[in-house]
Amino acid sequence: MSTLQAHVTVLLEEAVEALAIQPGGVYIDGTFGRGGHSRGILARLGPQGRLIAFDRDPAAIAAGREIEDTRLTLIHAPFSEFGERLNDAGVTRVDGVLLDLGVSSPQLDDATRGMSFRFDAPLDMRMDTSRGETAAEWLARASAQEIATVVRDYGEERFANAVAKAVVTARAGGAITTTRQLAALVEKAVRTREPGQHPATRTFQAVRIYINRELEELSLILPQCIARLKSGGRLAVIAFHSLEDRIVKNVLREAAKPVEPPRGVPVRAADLPPPLLRLAGKPVRPGAAEVAANPRARSAIMRVAERV
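Heads up: take any position in the sequence shown, counting from 1, add 108, and you land on the numbering used here.
Keep in mind that the hints were calculated from the coordinates and are not lab data.
For every residue, glycine included, the Cβ atom is placed at its ideal position computed from N, Cα and C.
Possibly wrong hints are sitting among the right ones.
Said to hold, decoys possible - The calculated lysine-lysine pairs, modelled on BS3-like cross-linking and capped at a C-alpha distance of 30 angstroms, are:
#1 LYS365 / LYS338
#2 LYS390 / LYS357
#3 LYS296 / LYS338
#4 LYS365 / LYS390
#5 LYS338 / LYS357
#6 LYS296 / LYS273
As the list claims (entries may be wrong) - Okay, the calculated beta carbon distance ranges per label pair:
#7 LEU120 / ARG239: 25 to 35 angstroms
#8 THR277 / PRO331: 34 to 44 angstroms
#9 GLY340 / GLU362: 12 to 22 angstroms
#10 VAL399 / THR220: 44 to 54 angstroms
#11 ASP196 / ALA170: 16 to 26 angstroms
#12 ARG226 / LYS365: 21 to 31 angstroms
#13 GLU324 / THR220: 45 to 55 angstroms
#14 GLU368 / LYS390: 51 to 61 angstroms
#15 LEU328 / ALA170: 24 to 34 angstroms
#16 LYS273 / LEU328: 24 to 34 angstroms
Could you put the whole structure together from the sequences, leaning on the hints where they help?
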């Protein structure tokens, strides 16, 4: 099976529909993954349309080269370089941006990436394997307080202190270099299990988010997306856990607020500039049929806004 076909894209039709694609428009897929959303966008673009797809994962960029379409430009870069890379491509304004956040199924299912405790693999966890510190390297140097803070804040793990203590104690006897080692440590440290969830789930999520600066990168790209949208352009963001969705919700709501006049200055409401965004409909979640076919879709939520 082609690597482009192996990944099940979440909210495929809903996300492409939310962009309200113009045939000759310029669109951004900020998280190419295995190209599901990109192919959906390309199917609606006309000959003069353009799609620029970003991904920080070299494997995703390599998979993208299977799409032979001159309208598609692939860019290997993190979110924080969004504006700079668009400038390099000669793009100032776009008609729509789609962000499908979090880790992808190929990243979870590839044992060599070290993102999942289902396999015994090197403890890497980097989305961009060409740069940055691995999870094993970070766990080898971080203090117990740093580890506890990350596991608590990014994993919402009640037993974060116990997990941190277990890691520091274990590494005194040798480096923690594999997913199985870390999962076993966490399993002993987490005293109660959540139904249907492995005790290491929250810790693995937390370390992965920290290693990849996922929340920081999200906070950096959202204002850049809003700034690049043309009037009437759409921003659609799919999040998979509450930490991501909270950031998206707060940024979009703030940008959609009416501008407040300076206190004590008589200004007519009609003279105030409009808000940057208009929220487009209610948040969208996968239907029962999609969740049944792809259980990883169950936590997805998509928010859409339009540039005023």
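Hint by hint, which ones does this structure get wrong, listed from lowest number up? Structure breaks hints 3, 10, 12, 13 and 14.
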